[in-house]
Amino acid sequence: MKFLHKQLEKVKPNFEKGGKLYFLHSTFDAIETFLFVPGETTHKGVHIRDGIDLKRTMFTVVIAMLPVMLFGMWNVGYQHYMATDPTVAPALMDCIGYGLLQVLPIVIVSYGVGLGIEFFFCQINGHKVNEGFLVTGLLIPLCLPPTIPLWMVAVGTAFAVIIGKEVFGGTGMNLLNPALTARVFLFFAYPAFMSGEYRADQEYVWFSANRADVADGFSGATMLSQASEGKELSFSAWDAFIGVIPGSIGETSTLACLIGALILIATGVGSWRIIASTFIGGAVMGWLLNVLGPIVAPDNAFMALPFYYHLIIGGFAFGAVYMATDPVSAAQTSKGKWVYGFLIGVLCVLIRVFNPAYPEGMMLAILFMNVMAPLVDYFVINANKKRRLARATV
Amino acid sequence: MGKTIKLKKGYNINLVGEASLVVGSADAPKTYAIKPTDFKGLTPKLKVEVGSEVKAGTPLFFIKEMPEIMITSPVSGEVIEINRGAKRVILDIKVLADSKMAFEQFTSGNPDGMDAAGVKQTLLNSGAWATIKQRPFGKIANPEESPKNIFISGFDSAPLAPDYGFILKDRMEHFQWGINALKKLTAGSIFLSLPTGVNSPLTSTKNVEVVNVSGPHPAGNVGVQIHHIAPLGKGDIVWAVNPEDVANIGKLFKDGTYDAIHTVALCGSEVNEGARKYYTLKKGACIDTLVSNNLSEVNSRIISGNVLTGTKVEQNGYLGFYDRQITVIPEGNDPEFIGWLVPSYARPSISKTFLSFLTPNKKYKVNTNMHGEERAFVVTGEYEKVLPMDIYPQHLFKAILANDIEAMESLGLLEIDEEDIALCEFVCTSKMPLQQIVREGLDLIEKEG
Chain A
-7 MKFLHKQLEK
3 VKPNFEKGGK
13 LYFLHSTFDA
23 IETFLFVPGE
33 TTHKGVHIRD
43 GIDLKRTMFT
53 VVIAMLPVML
63 FGMWNVGYQH
73 YMATDPTVAP
83 ALMDCIGYGL
93 LQVLPIVIVS
103 YGVGLGIEFF
113 FCQINGHKVN
123 EGFLVTGLLI
133 PLCLPPTIPL
143 WMVAVGTAFA
153 VIIGKEVFGG
163 TGMNLLNPAL
173 TARVFLFFAY
183 PAFMSGEYRA
193 DQEYVWFSAN
203 RADVADGFSG
213 ATMLSQASEG
223 KELSFSAWDA
233 FIGVIPGSIG
243 ETSTLACLIG
253 ALILIATGVG
263 SWRIIASTFI
273 GGAVMGWLLN
283 VLGPIVAPDN
293 AFMALPFYYH
303 LIIGGFAFGA
313 VYMATDPVSA
323 AQTSKGKWVY
333 GFLIGVLCVL
343 IRVFNPAYPE
353 GMMLAILFMN
363 VMAPLVDYFV
373 INANKKRRLA
383 RATV
Chain B
2 MGKTIKLKKG
12 YNINLVGEAS
22 LVVGSADAPK
32 TYAIKPTDFK
42 GLTPKLKVEV
52 GSEVKAGTPL
62 FFIKEMPEIM
72 ITSPVSGEVI
82 EINRGAKRVI
92 LDIKVLADSK
102 MAFEQFTSGN
112 PDGMDAAGVK
122 QTLLNSGAWA
132 TIKQRPFGKI
142 ANPEESPKNI
152 FISGFDSAPL
162 APDYGFILKD
172 RMEHFQWGIN
182 ALKKLTAGSI
192 FLSLPTGVNS
202 PLTSTKNVEV
212 VNVSGPHPAG
222 NVGVQIHHIA
232 PLGKGDIVWA
242 VNPEDVANIG
252 KLFKDGTYDA
262 IHTVALCGSE
272 VNEGARKYYT
282 LKKGACIDTL
292 VSNNLSEVNS
302 RIISGNVLTG
312 TKVEQNGYLG
322 FYDRQITVIP
332 EGNDPEFIGW
342 LVPSYARPSI
352 SKTFLSFLTP
362 NKKYKVNTNM
372 HGEERAFVVT
382 GEYEKVLPMD
392 IYPQHLFKAI
402 LANDIEAMES
412 LGLLEIDEED
422 IALCEFVCTS
432 KMPLQQIVRE
442 GLDLIEKEG
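Residue numbers (the working numbering), protein chains in the order written: chain A, -7 to 386; chain B, 2 to 450.
With the rest of the complex left out, here is chain B (with noise of 0.2 Å):
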């Protein structure tokens, strides 16, 4: 047994629609898109034009800041569309999949007989590179550069959350070896943290020091771990890699083909019970086949990823590229005749002015609606109980705001992402935009280097 950590701070907010541990069948999607603005502060270089033939691990675009990482196609079929924005900035590359599936093959073999430049050529070559996320700034890894360590998060705390024990147990084989292959990378560790008290599959993996991590959301977000685990200092730089991701790179050197496998729960309250179950998919697969029959009649929002971080996307919309949870909520554009004072339904909150913190495990089905209006900073210490880190919220987001780079950095801004606190913009009393706030203190730092 590893490490053992245990986190108070935090909050599981409990949501109807839970998808159940069975993988349900769906009719294979026809479009496929990649979307480019999933990969943040990068630029896209096209390789490709409507009417290109493409096989599944063919390069669709490359990264202009670092050339050598191509995002590829992850079916193969035929390049229909290049959608353009303001600015030209590209939105997604679409691709028509063939019935019957092609794939590029790479160098494949066992890592362990592998040298790291061989291991990094195949995942840069196929596109599985674009899966290692680096810490600071929570974008793609640069090739050039060794992390420290790499950090593998075995479970989800985020409301809804797929199970990854449960995606995972038949393909041991293939997480065995992708972490074989991440190990080839890091002159350090790899830490694979696992939550407490479950049974989880992953908890054979070699090569791999285990971490049993408890707690709340969002103990299961590899930011939160890192700052409990090997904190990074000044200048220090992280990977972390989706756990599914792992298998997809370990499958990548056991077959010598990338087949980007996303298996995704389908969930939400507006989801019919009968659908709310796991999918197979692939990376930017289109989900209308998925959700057209399954949802109720109600106005509601499709979330590509769960309700705190996920995308706002429409019927006929594409999974993301990082996303394995499709989440489907009412929307609450409907007033609220004194809402603030007698709220008409129950909605779940930190706040004990709710009688809510009686009952702690009662799921909600929630909307979309504010709850109130944007306000400046008045209420304190709120943050803090859901921010599990030795880092004081308010002061970071104040200094932000403040453009103050020197006090952001020493405040701890390059530990987080917006994921770790998009906890506190859920309980902010004053209805504060956090997320955004600490992506523009992030982009500013690597703007100012």
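Bound conformation, chain A alone (with noise of 0.2 Å):
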């Protein structure tokens, strides 16, 4: 490795100021920092720090990633030789590789996009890269639909990054979640691509396949339009549970983000106060509507579907345990990230449920809790404000 260090030391005068790849000096900066943690010391304040910085925390969080991406991976393969030989089960391998092959250029589309404008605005700004789009980068494609074309990917991932990200300062100072302004940025610009069964050129949405292979009455909608529509489910609570149904790409199995959220809780690195409350608003919503259900509205089926439903099908628990956890755009107090979390649940399922148009809730609903996050933290800093006041006094 000293070798390798020695290297790097002997290029590095030409990134410097004055020197011919000046203009690439983020670009080495990052590199060099990302090989080598700098020997720089303490020199005032404290003399000593602790060993956690923002790489190893981010590296976490696309770690806990890695089982929702894997699924997803062979979710996709499995998705497509169901819908055109559902007799015949596939191979392990066979539907990892197929998926492989669909997945892996949308996040290599995703990464090289949104890496290139990062590098290009700290270059222009002088900052340094920081590491939140290892994150963002990842995430973009896991919540896309697996037959999203890739310039859409290109053009979602640089709206994120530039007008959700960077007009604010960069990393830090956004206030909505980068990866979910990409997917909204495209669900509202090509909303044929996004949602529904067909898209406006007849292909599958949710699976990749061509229409002429794909076996007789199998249906390409995904559980939630479903519900929606008010049609009959045609996956049960377990499948949905695993997350062997139609969807975007990480968002199906609500297992595989239990075992991120396992994982961004135990290193304390995901908030547990909003998974565990947005979990909870889900299920209290969902609940509260089944009694109501019956009451107010007995012919809105929607509103009959047992309120776990809720947390297992669509993007819920993918949302709750990945994009909602973005300390950036969330509640920053604690008691803030239980009540923020609460509604993201509640907003959730009232979305789903009430707005036919938008099946999918949970994107729309962490939106609009991103931009009320710092009202709900004005009040909980406002009431720390009132009883020092008040102590004051006595």
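Worth double-checking, as some hints may not be accurate.
Straight line, CA to CA, 20 Å or less: simulated PhoX-like cross-link-like pairs of lysine-lysine [stated by the list, open to error]:
id, chain 1, residue 1, chain 2, residue 2
1, B, K185, B, K88
2, B, K399, A, K327
3, B, K46, B, K56
4, B, K56, B, K31
5, B, K10, A, K327
6, B, K95, B, K31
7, B, K235, A, K378
8, A, K9, A, K120
9, B, K386, A, K327
10, B, K121, B, K31
11, B, K432, A, K120
12, B, K170, B, K255
13, B, K432, A, K36
14, B, K65, B, K88
15, B, K255, B, K184
16, B, K41, A, K36
17, A, K378, A, K327
18, A, K377, B, K399
19, A, K(-6), A, K4
20, B, K170, B, K207
21, B, K255, B, K4
22, B, K95, B, K313
23, B, K88, A, K377
24, B, K185, B, K65
25, B, K9, A, K36
26, B, K313, B, K432
27, B, K386, B, K448
28, A, K327, B, K9
29, B, K363, B, K353
30, B, K366, B, K313
31, B, K235, B, K432
32, B, K101, B, K56
Not close to chain B: a few residues of chain A, all C-beta gaps over 12 Å, as computed [claimed, not checked]:
id, residue
33, L27
34, K36
35, V99
36, W143
37, P286
Keep in mind that the hints were calculated from the coordinates and are not lab data.
All values reported here derive from a predicted model rather than from experimental measurement.
Built from N, CA and C at the ideal position, the CB exists for glycine as well.
Join these two chains into a complex; the hints should help.
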């Protein structure tokens, strides 16, 4: 490793001010600090520092996303083979191989475009490259349908990084979750490619297969759209929990999301308060609708959908574990996190049931609460200020 | 038994190199230096020049903002150097010590029989006043004010901190006299906090309200204790004194001479094991006789104070005015190959992404590496884990960075001092200079009044 370090030191002057490659200094710096934690020592304040840094924190989130990512790849393949020939159980490696070919290009485009823009902005602002996009770059593919055209991934990612993050001042300053910003942009810009059963070009949205090859009677709809249209669900709750259902690449398996949640909670990187309260909020609202449904709207089948379905279908678990927990766009106080998560769960179910135009309520619920999070914190902080004032007069 | 306070939040950084409870002997330091930079936000006005002969207790300079306050020489001898830095700021005043100590005489006697003005005068004349710190702002107390209460933290919870029960075990009479003197200066109480479950000789002190405090660092910080015992309201002022300085004050009233004793713990992984002991020095002592033959060969950092709040000094440097600990740890200027992912040696962390949380009592040899680069605030909730106060630190830091004075005050900045949030700075994932931020906020509030 000494050799590698020496080589880096040797080429370093080219990237410093006045060097030939100065216009790439942020890129060089990012690579160098990725390979070697700098030998920089403390010079003011504390003399020792905790071992944790943002690289390790963000990488832990990437690790927590691996179960979802791997399952998602497998499921893309599995859905393809089930659509074309439901009578034969496809081999594990076939599914993974097919899924890899579908998913990997999306991941590459997302990272390529996003990091390219990030490096560019760091370059012109003279900033250090921030690690936040390590996570965003993987979240974007996972919340998109597997059939998404690659140019849309590029456009969505660019929108998320520029409008969602850089205009606010970069990582740590954004109001909205950048990955969801990408998704919501694509959702409203190209609705035909992001929802429904068939795309505008008559291809399926949720799994990749030629229509001619698809077996008769196979429905290409997600459970969410079936539920919102009052149709019979073609999958069981168990299927939905495991994740062998059509849907966005990373969202189908509640089980894989829970494994990710376990990693995030055990390492303390993700807020257990947000994850728990989001599930509680969704369950409470779903249960409330179950109780009220027969009284106020006996015809509404979605209201009668057992409450736990809300937690396992669509992007609920994925959103609760990976999207809602983004520390920058979430509430920042402990009490605020409870309120924030709970309201995400409640709003998600409300949007799903009462706004049939948007069966996927999770995205909108999280984005709405991203905007409201500072307000939630404001009330928590104000209570703290009032406590302090009240104490002074005693 | 008085009040009991149980604190849960906080973190003990377990370091290798604790000083054993033995008083070691070392050659007496030849020179002493008083550093005006130890007194935050105050301007020194010299009373001596190079060549002046001084006794222990002779004023070296006074404080421009509060001219009654004298900072006196800890030893008798000759002023040999007055060093200045940029803009002619005085960095230190060095005194070459006589082999035989001569003391200035001050009005002495049992403080019980004195009035507040008399006690105050003796403290001011002798220089002992400078050991009384005021909260908020953490600087020398203003003699014209009367504090709501006086707080003495009878223990230090910082990494490798000295044990005041050990330091003061033979000085209980001095300590009691010191308490009696301080009692004259406040209409309120003197709160003495002691660690729960530890049999400290200070327990038997009279004229104080003993408060038992338990919990990890920063439980021993006086700021945290004030917050839980009798929190500061708007406009309130309290004072805080180090327990050994209380004993020195007691000795001053008993003997009429001011002997600024500092019993110092020499600690840290780079101090040879046999030398990790307590040493009896005086304020501003040169540390070279102590450290010169007792350090390992490693490139290391010598800190006057603890690893969280101390000041870096050279091997021939001087003990800080308020420090009772010298910590020596290795420097950490080696780059570490993908160290953020696979650390090549164990390091303390509150993050459970390191397996070290499975061995909470393991002691670490830490170095001064940053372990990462400075970033914007991203992670939330980590500062709260190590600040046992009803304060929202991240919002407070942001208010300071935004120069929002009203928000700083209402979020509780006046209740804290740099040392109280030093642990926040240690754990900060984004490697922010939080102590500096807090000091800038406090300075701004003071300036804008």
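Status of each hint after checking the structure:
1. B:K185 x B:K88: violated (40 Å)
2. B:K399 x A:K327: holds (19 Å)
3. B:K46 x B:K56: holds (19 Å)
4. B:K56 x B:K31: holds (15 Å)
5. B:K10 x A:K327: Holds, at about 17 Å.
6. B:K95 x B:K31: holds (10 Å)
7. B:K235 x A:K378: Cα-Cα ~13 Å, so holds.
8. A:K9 x A:K120: holds (15 Å)
9. B:K386 x A:K327: The hint holds at about 14 Å.
10. B:K121 x B:K31: Roughly 32 Å separates the two Cα atoms, so the pair is violated.
11. B:K432 x A:K120: holds (14 Å)
12. B:K170 x B:K255: holds (18 Å)
13. B:K432 x A:K36: The given pair, whose Cα atoms are some 11 Å apart, holds under the 20 Å limit.
14. B:K65 x B:K88: Given that 20 Å is the threshold and the Cα spacing comes to 17 Å, the pair holds.
15. B:K255 x B:K184: Holds: K255 of chain B and K184 of chain B sit about 16 Å apart, inside 20 Å.
16. B:K41 x A:K36: holds (15 Å)
17. A:K378 x A:K327: Between K378 of chain A and K327 of chain A the Cα gap is close to 16 Å, so the pair holds against 20 Å.
18. A:K377 x B:K399: holds (15 Å)
19. A:K(-6) x A:K4: holds (15 Å)
20. B:K170 x B:K207: Between K170 of chain B and K207 of chain B the Cα gap is close to 15 Å, so the pair holds against 20 Å.
21. B:K255 x B:K4: violated (31 Å)
22. B:K95 x B:K313: Distance of about 18 Å is within 20 Å: holds.
23. B:K88 x A:K377: Violated. K88 of chain B to K377 of chain A sits at ~41 Å, over the 20 Å cutoff.
24. B:K185 x B:K65: violated (26 Å)
25. B:K9 x A:K36: Roughly 28 Å between the alpha carbons, so the hint for K9 of chain B and K36 of chain A is violated.
26. B:K313 x B:K432: holds (19 Å)
27. B:K386 x B:K448: violated (31 Å)
28. A:K327 x B:K9: At roughly 18 Å apart (the allowed maximum being 20 Å), K9 of chain B and K327 of chain A satisfy the hint.
29. B:K363 x B:K353: holds (15 Å)
30. B:K366 x B:K313: Satisfied, since the Cα-Cα distance of roughly 18 Å is no more than 20 Å.
31. B:K235 x B:K432: violated (32 Å)
32. B:K101 x B:K56: holds (10 Å)
33. L27: violated (6 Å)
34. K36: Label violated. Min Cβ-Cβ 6 Å, cutoff 12 Å.
35. V99: holds (20 Å)
36. W143: holds (31 Å)
37. P286: The claim stands: P286 of chain A keeps its Cβ more than 12 Å from every Cβ of chain B (closest is about 42 Å).
Of the numbered hints stated above, those contradicted by the structure are hints 1, 10, 21, 23, 24, 25, 27, 31, 33 and 34, listed in ascending order.
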